[in-house]
Amino acid sequence: MRWVLSLVASAVLAGTAAGATGPAGGAAAFLTARQSPNGGFAEQGQAPDGSLTAWAALALVAANGSESARSRAREFLRTRPTDRATDGDVALLVVAFGALGERVDPSLLVRLREHRPGALVNETMWAAIALRAVGEQPPAGFVRAILSAQAKGGGFPWLRGGKPDSNDTAAAIQALRAAGLRTGHASIRRAVAALRGFQGRDGGFALTKGREPDAQSTAWAIQALLSAGEKPGKAPFRFLSRLRRSDGSYRYSVRYGATPVWVTAQVIPALTGRPFPLR
1 MRWVLSLVAS AVLAGTAAGA TGPAGGAAAF LTARQSPNGG FAEQGQAPDG
51 SLTAWAALAL VAANGSESAR SRAREFLRTR PTDRATDGDV ALLVVAFGAL
101 GERVDPSLLV RLREHRPGAL VNETMWAAIA LRAVGEQPPA GFVRAILSAQ
151 AKGGGFPWLR GGKPDSNDTA AAIQALRAAG LRTGHASIRR AVAALRGFQG
201 RDGGFALTKG REPDAQSTAW AIQALLSAGE KPGKAPFRFL SRLRRSDGSY
251 RYSVRYGATP VWVTAQVIPA LTGRPFPLR
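Our numbering applies: residue 1 is where the sequence shown begins, and numbers increase by one.
One or more of the hints may lead you astray.
Said to hold, decoys possible - Straight-line Cα separation of at most 20 Å, DMTMM-like style, residue types lysine to aspartate or glutamate; simulated pairs:
(1) Lys-163 with Glu-212
(2) Lys-231 with Asp-202
(3) Lys-234 with Asp-202
If you're looking for bench data, these hints aren't it; they were derived computationally from the structure.
From a predicted model like this one, the values you see are computed outputs, not experimental measurements.
Start from the sequences and build out the full structure, keeping to the hints where you can.
Here is the structure:
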């Protein structure tokens with residue numbers, strides 16, 4: 001179902017005690033219907049996993065979705081082993097626990113506090129977001145490491161020295177804001193300008209320049225712009241409305257409809273106007 005522009009604009013930030021309405025509410029209902037009996041989330045034909053369940057849990061929190069579904073996801077995440085997890089995996093789990101109001105295992109927090117910034121800049125971004133999710137101030141070293149990875153054009157890459165992309169630029173903005181940088185900070189303003197460079201004529205954002213705009217990149221950009229005190233405008237929401245299916249889920253792009261659970265989970269926080277870490 002396509003929503004006229006006025007309805008899209010009003011539904012973007014909708015959320016009540018009964019849960020989000022409009023597109024966000026429909027998307028949350030889609031996710032809830034896809035939850036496995038054990039509380040985890042999976043794409044069709046696959047086994048539930050911790051990462052996708054964490055994303056789904058964050059989406060349900062953002063949309064004020066089913067408390068039962070959130071509780072079951074919380075129980076599933078509690079059982080996930082973390083001994084072989086990366087710092088990025090741990091950070092995502094902690095962000096989910098923080099959003100769910102779940103007590104975080106102290107060993108996970110110690111690991112994040114002791115995170116050593118390296119080539120994978122994205123891990124440091126998420127470590128900063130995760131610590132803020134549980135009310136801690138990210139270390140100054142995290143901030144310095146993220147800022148040092150900013151490209152001349154203002155964007156941020158996944159790997160230090162790599163080519164900037166919209167998703168990591170958006171994640172960097174949210175991480176720096178989570179660490180306490182003001183919206184007027186020069187690095188955030190440069191990142192915002194770079195992020196807008198990934199927006200296409202149809203209002204959607206692409207992962208990299210020259211690629212087709214997609215739902216997840218557009219959602220990340222909306223969250224980052226809101227985090228930076230910017231108005232995303234109506235165009236990105238109009239683009240997302242084009243990708244919405246009748247069952248409430250979202251296509252990845254106009255041409256591709258893969259991984260609807262993951263895509264929908266990452267779109268919902270943008271629809272509800274909630275940047276990470278959803279505090």
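Worksheet item: Under the criterion that the straight-line Cα-Cα distance not exceed 20 Å, is the pair Lys-234, Asp-202 satisfied?
Response: Holds - the C-alpha atoms of Asp-202 and Lys-234 are around 11 Å apart, at most 20 Å.
Discussion item. Please verify whether Lys-163 and Glu-212 have alpha carbons no more than 20 Å apart.
Written reply: Holds, because 17 Å separates the two Cα atoms, which is no more than 20 Å.
Practice prompt. Please work out if Lys-231 and Asp-202 have their alpha carbons no farther apart than 20 Å.
Written response: holds, 17 Å
Of the numbered hints listed earlier, not one is contradicted by the structure.
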